[in-house]
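Top line first, the protein sequences correspond to chains E, D, X and H.
At position 245 of the first sequence the residue is numbered 245 (the working numbering), and the sequence of numbers has no breaks.
At position 167 of the second sequence the residue is numbered 167 (the working numbering), and the sequence of numbers has no breaks.
At position 163 of the third sequence the residue is numbered 163 (the working numbering), and the sequence of numbers has no breaks.
At position 143 of the fourth sequence the residue is numbered 143 (the working numbering), and the sequence of numbers has no breaks.
Which copy? The list can't say, so a pair holds if one copy fits it or any two copies do.
Result set (DSSO-like, lysine-lysine): computed pairs, CA atoms no more than 27 Å apart in a straight line:
| id | residue 1 | residue 2 |
| --- | --- | --- |
| 1 | Lys56 | Lys275 |
| 2 | Lys186 | Lys275 |
| 3 | Lys275 | Lys111 |
| 4 | Lys186 | Lys111 |
| 5 | Lys56 | Lys3 |
| 6 | Lys3 | Lys125 |
| 7 | Lys111 | Lys125 |
Calculated from the structure, these hints are not laboratory results.
No experiment lies behind these values; they were computed from the predicted model shown.
4 protein chains.
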Amino acid sequence: MIKVGIVGGTGYTGVELLRLLAQHPAVEIVAITSRGDAGVPVSSMFPSLRGRVGLKFEDPSVANLEACDVVFFATPNGVAMQQAPGLLESGVRVIDLAADFRITDIAEWEKWYGMQHASPDWVAKAVYGLPELNRVAIQNARLVANPGCYPTAVQLGFMPLVESGLVDTSHLIADAKSGVSGAGRKAEVSSLFSEASDNFKAYGVSGHRHLPEIRQGLSRIAGTSVGLTFVPHLTPVIRGIHATLYAQMTEDADFQALYESRYANELFVDVMPAKSHPDTRSVRASNTCRIAIHRPQGGDMLVILSVVDNLVKGAAGQAIQNMNIMFGLAETEGLWQLPVLP
Amino acid sequence: MIKVGIVGGTGYTGVELLRLLAQHPAVEIVAITSRGDAGVPVSSMFPSLRGRVGLKFEDPSVANLEACDVVFFATPNGVAMQQAPGLLESGVRVIDLAADFRITDIAEWEKWYGMQHASPDWVAKAVYGLPELNRVAIQNARLVANPGCYPTAVQLGFMPLVESGLVDTSHLIADAKSGVSGAGRKAEVSSLFSEASDNFKAYGVSGHRHLPEIRQGLSRIAGTSVGLTFVPHLTPVIRGIHATLYAQMTEDADFQALYESRYANELFVDVMPAKSHPDTRSVRASNTCRIAIHRPQGGDMLVILSVVDNLVKGAAGQAIQNMNIMFGLAETEGLWQLPVLP
Amino acid sequence: MIKVGIVGGTGYTGVELLRLLAQHPAVEIVAITSRGDAGVPVSSMFPSLRGRVGLKFEDPSVANLEACDVVFFATPNGVAMQQAPGLLESGVRVIDLAADFRITDIAEWEKWYGMQHASPDWVAKAVYGLPELNRVAIQNARLVANPGCYPTAVQLGFMPLVESGLVDTSHLIADAKSGVSGAGRKAEVSSLFSEASDNFKAYGVSGHRHLPEIRQGLSRIAGTSVGLTFVPHLTPVIRGIHATLYAQMTEDADFQALYESRYANELFVDVMPAKSHPDTRSVRASNTCRIAIHRPQGGDMLVILSVVDNLVKGAAGQAIQNMNIMFGLAETEGLWQLPVLP
Amino acid sequence: MIKVGIVGGTGYTGVELLRLLAQHPAVEIVAITSRGDAGVPVSSMFPSLRGRVGLKFEDPSVANLEACDVVFFATPNGVAMQQAPGLLESGVRVIDLAADFRITDIAEWEKWYGMQHASPDWVAKAVYGLPELNRVAIQNARLVANPGCYPTAVQLGFMPLVESGLVDTSHLIADAKSGVSGAGRKAEVSSLFSEASDNFKAYGVSGHRHLPEIRQGLSRIAGTSVGLTFVPHLTPVIRGIHATLYAQMTEDADFQALYESRYANELFVDVMPAKSHPDTRSVRASNTCRIAIHRPQGGDMLVILSVVDNLVKGAAGQAIQNMNIMFGLAETEGLWQLPVLP
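So that you can see chain E by itself, here it is in the shape it has in the complex:
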């Protein structure tokens, strides 16, 4: 059994890790920490876990995380860069679900996240945990930077096009829509039911923190700096991201075949028949990304639709997929639940 620790388990990413890990056949959850809620049984905060998860939140200072094989950080940005290095040096492997180790350009990271980076050397050693791109490197990673939710949906959607060199990468557009759980379990007016329900809006059009992450990923794939306009929106669903991607083709090709071939061996990426419309609920509570390719009216603009559950493939599920790869398990272990529909 893999001994697992979770740092910061009181948010949505944390409870989703618990839901999935508690059902994972090869995992034993050893400790879960929370500074503010130490002593509280996990199941009294999340009654969905009653009778199934017996742990209490522990204060980080007393939790024996060094005894774990792997520790997941489900903390706000800026925590893992402080606390992970100690664990890493003790030989514990770490998967960070926050943004601390995602951006390799430290100055860029500091600009977008508004703080000084505490551990630039570990940024250099971290592996960006998108298995469909970095599977081999993940196997031996000591530190995995788990991708953001938008970056997962957008990169999986654009990847075959950018790899192929068949589109103009200087004017890519990602019009993305996220469910409200993406904002976390923080008490903020803008996330209130009476604000977010029966309402739709864009936000962060001037610049969202996931922009540099996506741009970095696509630029690496392209081998050159890409131009990207990224517009996130808030839609009144709990879970789910829908990315609508626009790219102008520079050369004709069978794009459907391109995608099917690229993802033929990926168990968590489903390329739907041409002209399909994946809906977010078709991946709800599952680790799957579904993609559909369109070329409307036979013109030169390609439209790619890509959906994920932001808490699963966009966070906790992908983190466990990375853990499975790191520990030599089948990639689907503990992650093969069917989506919940309706």
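Go by the hints and put chains D, X and H onto chain E.
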């Protein structure tokens, strides 16, 4: 492996049976029928099953249901009473998720369901499939009448009180709220998003079909005819039933202990600490019923809160729980998924 | 023109007062105060008011509220009892939308609201602002205690029955469901979209602050202390309260006629045909209360359904209705908007 | 008083016309027709109108529409082209809320709407009813083709850019999101609460009927054929359209000033401060279109956000705005209600 057939799999109960049975380790789904959609791959109607359920809907006339060990009827009321007897006589065991075999008083059934009963003799042989009440009889049942969603939540909530004889059973009140999936996947104006969303209403106050079913169940338990006022409501959630139950005590007792003791060995009934407030999402997509007991202000009125997922413990999950009992499997087999929260 | 001031306009009750008062033909809004947001244009917090409400929030210390004819307090409980007396003594009339002056039994108020009352003498002078009950007293009131949202729906629903003496008032039950805006615009985890959406739950079953208010009101009407079980629930709608009321009849009568007659002259109470099911959206954004009467199965239990918009008839609209009465205007002035459906 | 008739009043556009017209000070609703619901009081189908609209639906054959000054067609596509010409020849002015007279290229219309056009000559005489573009022509129009909901939001959003000639009009992108009421009050599985709630999806990416309408409008403004990729999505809100528009600039300019100047005299178009994010609820139940202009990261891609209520500015409200213009009333008459928020 248990060979399973499903008759009428295009509704929400049908797709939920598929979701759960496809992940059940002891089951092989042999056939699923639909008159209107014969030939259509199940996964093209329900993309959440893509890559995981390879079946096509078959016309009932060609599906080889006689080869099944058990057939689930997820059909509208009035179908199973026509088609189940033939299968039963071939030795196939049947679990009917509709209402055809739930009410033993044929005249009463015909009054509420507005049609003549085609198979009164099988009504007499059917076992009412509420495991917490009828476990032993279910083991050897050839035909199980799976309870309705409201009746499951209401009967589990009232059962310990009515068994104990400590309340006035002549004026029981069940104020119940259901998610919209309870109305099925039928195209009806009243179930449209723009009608049901951001809205709350009662319906069927004059008389709902689940009233005689609940009354029959509670009267059997009480050993005498109970008086029940049942008011169903529609709340804008997809899945979930919340029953708020009122009973006037006739004698003092430790009601919390009564419930805990009654359900001590029931894996799918969770009696919460006194004064808890179970929410429907705490059982979403799971087979659990959560119950909390209140006695406000120390008065003589007891308030019991009982929640289930109408598609799982209120339909498909309970049907599979019955199947597990009928075939000697662990009752939780294939049903031990944690609720999806948020 | 009536000169109006609003104290505490940054919550949902405040913005609803603004929406309605800005369209009221006999009103001039002179000042709106907010300690935390002084200087901020109202329309930058609530873009729905852009181009139509030019006011800025003012600090309470500088706002010239004494120059107003009437001041609405849309503040948290405990503020008006501090600040209203000074205004009242300057001759300004006050309508308090919070609970400070609703309960005449000071000890009872202090028990439920957890603070010492700062102005018991003004409690004695305040008029409870339910026009359908207290219209004459409201005309000359200096201080109106505007009813709570649940109390409005429940009292209007029970009033004819309790006045008639035809039911057992020792075991009244009010099973009430509220939209999430009833919890206000406070940043709290329990009101987050990802918590409250696609979910249903009861809360405060042990005792909710509106219980003593309703009990006081119904007891006054009955002329004797009534017994009431009040169970509030949270339903995922923005606006709306649905009260399902249960009373056991002690004598037969034409209850439909009773209600129609009682409310024949009430422009904001609509008694629907017998056996109707009012939905909350049928009063959305309007000052109407709709009521339907049921006697299921011809038994002895009456079921009354009563719906209001908690922000209008349950708060801001009723406050303006009270203002209209106090200033001799037509009661419907500025309040005659049709509900928004769908 | 303007004598108004409504043909086909049982859909959402119909009930919204009724809500607005019943409160319009210069209008008398003379007749409302429905073949299927003749004889039914309007308020029994829409209880929100109880006590305020006394009309019954009439069979079209008996309704005296010729006595009206203006008739609104709120019918499915293909009805007005059959029935409007007779009324027009009797001197009645007509406003068609469907698509029959919107596209001047008859062959194009027939391709997208799948039927033969019954009245091509009236297409030539019809005025496209976007007041911000065609105000003068509308004044004397006998027949107004009221724009579609998406076309209203998209054209108002793009208009200043396209007029200015400062962007590349060969690759415009409109990523648009609509509330579910845009699909009408038809009983269809895809519009059910349990399908559309807690879900987000694109649809019609291959080609939506509003594409040729938008393309025609923008091409007229540009004076040349524009290239447009239009991707509609369904978001779980009742009312509201959010259009996110992308255009590549070909020349620098003060785009904020351009928009403010273009719409300076438009009472129903609100240009927000630069970098704002209009949300759909900020125009809910009102006739306003709010627009915000972005130029992310100072690049060459402009992002325009444009929101309307699809049932008001996108349908019934704009129709009444057109009526006000046709009859010489103030444009805001009966349309000056503030949005309902929250």
